[in-house]
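S.K.: Using the sequences and the accompanying hints, generate a full structural model.
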Amino acid sequence: MKANGLSLLLALSAGMLGVVQGIINAYIGKFLGQYGMIIGVSAVQILVASLVVWRVKSAPLELSMIPWIIVAGMLGVGIMFGVSYATGAVGALPVFVLIIAGQIIASAIIDHFGFMGLPRNSFNLSKLGSILIIAAGVWCLMKSSN
Numbered sequence: 001m002k003a004n005g006l007s008l009l010l011a012l013s014a015g016m017l018g019v020v021q022g023i024i025n026a027y028i029g030k031f032l033g034q035y036g037m038i039i040g041v042s043a044v045q046i047l048v049a050s051l052v053v054w055r056v057k058s059a060p061l062e063l064s065m066i067p068w069i070i071v072a073g074m075l076g077v078g079i080m081f082g083v084s085y086a087t088g089a090v091g092a093l094p095v096f097v098l099i100i101a102g103q104i105i106a107s108a109i110i111d112h113f114g115f116m117g118l119p120r121n122s123f124n125l126s127k128l129g130s131i132l133i134i135a136a137g138v139w140c141l142m143k144s145s146n
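Read in order, the letters of the sequence shown are residues 1 to 146 in the UniProt record's numbering.
In case anyone wonders, no lab produced these hints; they're calculated from the structure.
Misleading hints may appear alongside valid ones.
With beta-carbon atoms standing in for the labels, derived distance ranges [said to hold, decoys possible]:
{"#": "1", "residue 1": "F81", "residue 2": "D111", "range": "24 to 30 Å"}
{"#": "2", "residue 1": "L9", "residue 2": "V56", "range": "20 to 26 Å"}
{"#": "3", "residue 1": "S42", "residue 2": "L132", "range": "35 to 41 Å"}
{"#": "4", "residue 1": "M65", "residue 2": "Q45", "range": "17 to 23 Å"}
{"#": "5", "residue 1": "I109", "residue 2": "K143", "range": "25 to 31 Å"}
{"#": "6", "residue 1": "I100", "residue 2": "I66", "range": "28 to 34 Å"}
{"#": "7", "residue 1": "L132", "residue 2": "G36", "range": "36 to 42 Å"}
{"#": "8", "residue 1": "D111", "residue 2": "L9", "range": "17 to 23 Å"}
{"#": "9", "residue 1": "V48", "residue 2": "G114", "range": "28 to 34 Å"}
We put the CB at the ideal spot given by N, CA and C, even for glycine.
M.R.: Written out as structure tokens, the structure reads:
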């Protein structure tokens, strides 16, 4: 399988696993509370990542990356909390449809400006039309969920 095909398959799989993780986190949060869930899940993530780093040769830590690691970790906690809380409150479908809509909007902005060294991919009318069609789908789904 070509690298692009594998990347797309991994992205699709990650999206599907993200839904499962959100549901499991919401379930754990009902028993441990949101902060207990975050601490427990994060502890397992640290353990798994540590085992992988221990077994797989990795690049040495660059000190200049520490602020970005902190920001990414804080974003991860916020995402984990938001997804778990919202999924537990309104269910998986509306939450993940809105997550996808948010990701599409953020991705369009990030691609347009080429943030953090990503290739620039200018925003155009075709992309605007696509986003508006997706927004209409989100609106229809949200209306049908009520």
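S.K.: Are the hints correct? Go through all of them and say.
M.R.: Evaluation of the provided hints:
1. F81 <-> D111: 24 to 30 Å: holds (27 Å)
2. L9 <-> V56: 20 to 26 Å: holds (21 Å)
3. S42 <-> L132: 35 to 41 Å: holds (37 Å)
4. M65 <-> Q45: 17 to 23 Å: For Q45 against M65, whose Cβ atoms are near 18 Å apart, the range 17 to 23 Å holds.
5. I109 <-> K143: 25 to 31 Å: Since I109 and K143 have Cβ atoms about 26 Å apart, the given range 25 to 31 Å holds.
6. I100 <-> I66: 28 to 34 Å: holds (31 Å)
7. L132 <-> G36: 36 to 42 Å: Given range 36 to 42 Å: holds, Cβ gap about 41 Å.
8. D111 <-> L9: 17 to 23 Å: holds (21 Å)
9. V48 <-> G114: 28 to 34 Å: The hinted range 28 to 34 Å holds for V48 and G114, with Cβ atoms some 32 Å apart.
Of the hints listed earlier, there is not a single one the structure fails to meet.
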